[in-house]
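Once you've looked at the hints, dock chain Z against the given chain W.
Listed below are the residues making up each chain.
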Amino acid sequence: MHKELEEYKGKLPDKLLEEIEEKCPAGKLKKVVAKVYEEYEQARVDPGEAVGLVAAESIGEPGTQMTLNTFHFAGVAEMNVTMGLPRIIEILDGRKEISTPMMEIYLKKPYNQGDGIKDVAEAIRQTPAGEFVEEFSINVVDMQIDVRLNKERMKTAGLTTAIVTKQLEKGLRDANVKVKDDDIILKLKSKDVKGLNELYALREKAKGVYVKGIKGITQVLPVKRKGEFIIITAGSNLEKVLELDFVDTERTTTNDINEILNVLGVEAARTSILNEIDKVTEAQGLNIDHRHIMLVADTMCASGCVKGITRYGVVSEKSSVLARASFETPIKHIVDAALVGEVDYLNSVVENVMLNQYVPIGTGLPGLVTRQIKKKE
Amino acid sequence: MHTEVFLNGKFVGFTDDAPHYAQQVRAERRKGAISNSVNVHHDKDSNQVLIEAGRGRARRPLIVVKDGMPMLTDKHVKQLQKNEITWTDLVEQGVIEYLDAAEEEDCLVAFDEAEVTHEHTHLEISPVAMVGLVTALVPYANHMASSRIIIGSKNQKQSVGFYAANFNVRMDMDVNLMHTPQKPIVNTIMHDIAHYEKHPAGQNIVVAIMSFRGYTIEDAVVINEGSIQRGFGRSTYFRPAQAEELRYSGGLMDEVSVPDKEVKGYKSEKDYRLLEGDGIVYPEAKVHEDDVIIGKTSPPRFLSSLEEYSLASNIRRESSVALRHGEEGVVDFVLLTENEEGNKLVQVRLRETRMPEIGDKFTSRHGQKGVVGIIVPEADMPFTANGIKPDLIFSAHGIPSRMTISHLVELVGGKVGALSGRYVDGTIFASEKEDDLRKELASLGFHENGTERVYNGETGEMMQSKIFIGNMYYLRLKHMVANKIHSRARGPIQLLTRQPTEGRAKEGGLRLGEMEKDTFVAHGASMLLKERFDSDKTVVPVCEECGIIAIHDPYKNKRYCPTCGDHSEVNDIEIAYAFKLMLDEFKAMGIYPKLVLRSKY
Numbered sequence: 001m002h003k004e005l006e007e008y009k010g011k012l013p014d015k016l017l018e019e020i021e022e023k024c025p026a027g028k029l030k031k032v033v034a035k036v037y038e039e040y041e042q043a044r045v046d047p048g049e050a051v052g053l054v055a056a057e058s059i060g061e062p063g064t065q066m067t068l069n070t071f072h073f074a075g076v077a078e079m080n081v082t083m084g085l086p087r088i089i090e091i092l093d094g095r096k097e098i099s100t101p102m103m104e105i106y107l108k109k110p111y112n113q114g115d116g117i118k119d120v121a122e123a124i125r126q127t128p129a130g131e132f133v134e135e136f137s138i139n140v141v142d143m144q145i146d147v148r149l150n151k152e153r154m155k156t157a158g159l160t161t162a163i164v165t166k167q168l169e170k171g172l173r174d175a176n177v178k179v180k181d182d183d184i185i186l187k188l189k190s191k192d193v194k195g196l197n198e199l200y201a202l203r204e205k206a207k208g209v210y211v212k213g214i215k216g217i218t219q220v221l222p223v224k225r226k227g228e229f230i231i232i233t234a235g236s237n238l239e240k241v242l243e244l245d246f247v248d249t250e251r252t253t254t255n256d257i258n259e260i261l262n263v264l265g266v267e268a269a270r271t272s273i274l275n276e277i278d279k280v281t282e283a284q285g286l287n288i289d290h291r292h293i294m295l296v297a298d299t300m301c302a303s304g305c306v307k308g309i310t311r312y313g314v315v316s317e318k319s320s321v322l323a324r325a326s327f328e329t330p331i332k333h334i335v336d337a338a339l340v341g342e343v344d345y346l347n348s349v350v351e352n353v354m355l356n357q358y359v360p361i362g363t364g365l366p367g368l369v370t371r372q373i374k375k376k377e
Numbered sequence: 378m379h380t381e382v383f384l385n386g387k388f389v390g391f392t393d394d395a396p397h398y399a400q401q402v403r404a405e406r407r408k409g410a411i412s413n414s415v416n417v418h419h420d421k422d423s424n425q426v427l428i429e430a431g432r433g434r435a436r437r438p439l440i441v442v443k444d445g446m447p448m449l450t451d452k453h454v455k456q457l458q459k460n461e462i463t464w465t466d467l468v469e470q471g472v473i474e475y476l477d478a479a480e481e482e483d484c485l486v487a488f489d490e491a492e493v494t495h496e497h498t499h500l501e502i503s504p505v506a507m508v509g510l511v512t513a514l515v516p517y518a519n520h521m522a523s524s525r526i527i528i529g530s531k532n533q534k535q536s537v538g539f540y541a542a543n544f545n546v547r548m549d550m551d552v553n554l555m556h557t558p559q560k561p562i563v564n565t566i567m568h569d570i571a572h573y574e575k576h577p578a579g580q581n582i583v584v585a586i587m588s589f590r591g592y593t594i595e596d597a598v599v600i601n602e603g604s605i606q607r608g609f610g611r612s613t614y615f616r617p618a619q620a621e622e623l624r625y626s627g628g629l630m631d632e633v634s635v636p637d638k639e640v641k642g643y644k645s646e647k648d649y650r651l652l653e654g655d656g657i658v659y660p661e662a663k664v665h666e667d668d669v670i671i672g673k674t675s676p677p678r679f680l681s682s683l684e685e686y687s688l689a690s691n692i693r694r695e696s697s698v699a700l701r702h703g704e705e706g707v708v709d710f711v712l713l714t715e716n717e718e719g720n721k722l723v724q725v726r727l728r729e730t731r732m733p734e735i736g737d738k739f740t741s742r743h744g745q746k747g748v749v750g751i752i753v754p755e756a757d758m759p760f761t762a763n764g765i766k767p768d769l770i771f772s773a774h775g776i777p778s779r780m781t782i783s784h785l786v787e788l789v790g791g792k793v794g795a796l797s798g799r800y801v802d803g804t805i806f807a808s809e810k811e812d813d814l815r816k817e818l819a820s821l822g823f824h825e826n827g828t829e830r831v832y833n834g835e836t837g838e839m840m841q842s843k844i845f846i847g848n849m850y851y852l853r854l855k856h857m858v859a860n861k862i863h864s865r866a867r868g869p870i871q872l873l874t875r876q877p878t879e880g881r882a883k884e885g886g887l888r889l890g891e892m893e894k895d896t897f898v899a900h901g902a903s904m905l906l907k908e909r910f911d912s913d914k915t916v917v918p919v920c921e922e923c924g925i926i927a928i929h930d931p932y933k934n935k936r937y938c939p940t941c942g943d944h945s946e947v948n949d950i951e952i953a954y955a956f957k958l959m960l961d962e963f964k965a966m967g968i969y970p971k972l973v974l975r976s977k978y
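If you're matching them up, the sequences are chains W and Z in order. Mapping of the first sequence onto this note's numbering: position 12 corresponds to residue 12, and the numbering continues sequentially without gaps. Mapping of the second sequence onto this note's numbering: position 423 corresponds to residue 800, and the numbering continues sequentially without gaps.
Misleading hints may appear alongside valid ones.
As the list claims (entries may be wrong) - No farther apart than 20 Å at their CA atoms in a straight line, the calculated lysine to any residue pairs in the SDA-like style are these:
| id | chain 1 | residue 1 | chain 2 | residue 2 |
| --- | --- | --- | --- | --- |
| 1 | Z | K977 | W | L368 |
| 2 | Z | K971 | W | L339 |
| 3 | Z | K964 | W | Y200 |
| 4 | Z | K964 | W | V321 |
| 5 | Z | K957 | W | V350 |
| 6 | W | K224 | W | V340 |
| 7 | Z | K855 | Z | E704 |
| 8 | Z | K894 | W | Q113 |
Calculated directly from the structure, the hints in this document are not laboratory data.
The following block holds chain W by itself, in its conformation from the complex (with noise of 0.2 Å):
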């Protein structure tokens, strides 16, 4: 490292004097770090200040702004995601289960190149038996149902009557699942059958058994994007979907939260939260500085989980009764608190506006300490 730049090792991020290092000629770089010590000083944030708020007023202020629209895959039909405040509220909530879950898949080499990107798409969606079957025929005389599969559907999608019979089995636990030559046929267990309609709820049943590709993954859309192709998903099973062996590993990802923190660990979940906002903020045309969204993320992840901005959440946390209670739910709050004999130290600033004493910011942050001589007498 340049001479110069030694004496601002610790003042400044190591990552900040490489670059400097890199891109900044020889000549200038005293001139050049001295000036982006300056800067950086300057941006520093200084004590006292009131951080969590303003960037829950630089969040919310543009919120206000934002449109409840939802965005539209153009050309495939029910295929949208949950945009803008909705899922903003969704996200900073915590949310275990999100309202439009999705994935971005990315393929390994030969796979990402478009040639057979379909079947690849359809091996992962999870299809349902009503797919495969050609006729679910109710046989009123043996009280049963005649399924005849359609052999060609399942002979492109890699399914044999096996296959499809087990997993009807599977799903049917009231059923006995027998194969007749080429149909299954599908009986109910108990042996007082009423009457028609109870054929007529397995049937709608055995339409719905899934019986191919991975749970959860309702919808698959190959896209080319930047020159590759990519399998874009509704419905989301990270776990699962890692352990293909043609997908690439590190770049896929899902929008669930949730999803990421159990698979991936907190750190990749305060990412995800940081991506999401990102991309809602993007897509709205809003110009949230990201330290702001990154200081609620790591409010959020701070405990090693993702708690929300909620009264579960990160709310309960606080140490003050009263901040808590200020927020939602006073009463349980306060009682609680009784019950136990908490102590409210009046350390932040919501308990002492409460008080109508100085808030412990800004100006009011700073104490006079001295020593006091006593008079010798």
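Positioned in the frame of chain W, the structure of chain Z alone reads:
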């Protein structure tokens, strides 16, 4: 193919030829065999015929077209003119029929007679029929965006006008009456139909579209002081006050009279000075805030059985009606009557002349509202080469984003009308052509585009660009600053929270809410924040031992704790009264909120 038939949403059967079936029902309706309030719709998507005869469907009349010819003929029109037949006859004959939203889907409606072909099933009676009464009052409405038409018609409902001819004997609450309303120069057919000249609501004035020293910012308008002196926008505001002699149990009742000095809550002699012997103000008295207009006393509120006959019961309670904070006016009319229960009822109507002032709201009929930004002396107003001074200056920035071209067309129309001494028809889709107006304006010796050479009123300099100036119908809206202006430094507080009262009527404070508070915190303005929230600050003694609010006895100037006695140490702290209240509520919940005090230093 079978088509399901539904009557009022209930399945009634099948038909094999749905279009023919629907047509048959219509034919029967036109013949009068079935009620004319029945509508049929063949929904091709869901393969259903829906027949509706129920209530709650919005329906509109149209002329029936048969084989490319409208059923309404010249013969009908002549008969109508001679009053030989009525509208109802035409409906019964099947010449005109009402369609609901569903049946309209099956029909092809021609806009005007020239357009009718064999494929058309109906003909619009008049394009005006597409809009409602108030909307039809907007001139040249086909030259503006639909959203602006709605705003324009809503504005007209708020205008100050001649609302009722018998206003002088009415006791309406909170009404305005324009002194010299006029009939609009640019009118529509609806102005004739609705006899707008009998209850007009605006005035024809000269409008210049230009800026004026920045006082036209954010839609504000500039008004000529001379125009106001000549009566532009002048109106009267009426507000009645009333008092009732209520009867109470025990034969006691209120009494309208000048209160005695012994009465509990007696104001001051000055406040009662306007009352006559009967306890009511005299008409034409000039009244100001706190002046009593109806003197009234009530019996004491709570009577124990013992007190009822004692001397104490003679002490009555003051319950006069006085003018509230900031109110003033002239007593216009005094009415003595009885209400439904037979109680004596006194009503006093106050009157106040309202001249346009800064902040009052004005609008044209095109959703182009604005408040007065400045009132300019007539001498300083810009003037044209002919010496015409505008009554009002409207900012050009209001036009591009709102796209109210009708506003501009009316201005030209108004100019033509005023110059040639006639009314201009601006009916939606049936108005006089803009081109014709331009030609006529040119023939009157003006620029056909309505612009004129204008000189600066203050310096006399000629303005570089020509100014678009002409006549428009302007409305004064009922939102006036005099009813809304409000400020407070000190004032009344609420009993419970000791915080300032809310609302103008109670001379309340302006709330610095939660989000506003956040901005102080974001700036780190901790000291300022505390000062802003000091409105309910109190000093309370707190017992150091039990941490509960103690008692201060001002007579002995002693502080002591009600639970620990006088031996414990008691110190004063400064907190928000609302917090003291919260502590009290905790105690009521059975929760012990203990305050631990620590020296600030």
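Z:K964 paired with W:V321 [C-alpha distance capped at 20 Å] = holds (16 Å)
Given the hint that Z:K977 pairs with W:L368, does the C-alpha gap stay at or below 20 Å?
-> holds (11 Å)
Pairwise hint evaluation, W:L339 against Z:K971, where the allowed Cα distance is 20 Å at most = Status holds; Cα separation ~14 Å.
Are the Cα positions of Z:K855 and Z:E704 separated by 20 Å at most?
-> holds (17 Å)
Starting from Z:K957, check that the Cα of W:V350 is at most 20 Å away, please.
-> The hint holds at about 16 Å.
Straight-line Cα separation of W:K224 and W:V340 no greater than 20 Å?
-> Answer violated: W:K224 to W:V340 is near 60 Å, above 20 Å.
Assess, step by step, whether the Cα of Z:K964 is no farther than 20 Å from the Cα of W:Y200, and give holds or violated.
-> violated (64 Å)
Straight-line alpha-carbon gap Z:K894 to W:Q113, limit 20 Å = violated (57 Å)
When held up to the earlier numbered hints, the structure conflicts with 3, 6, 8 and fits the remainder.
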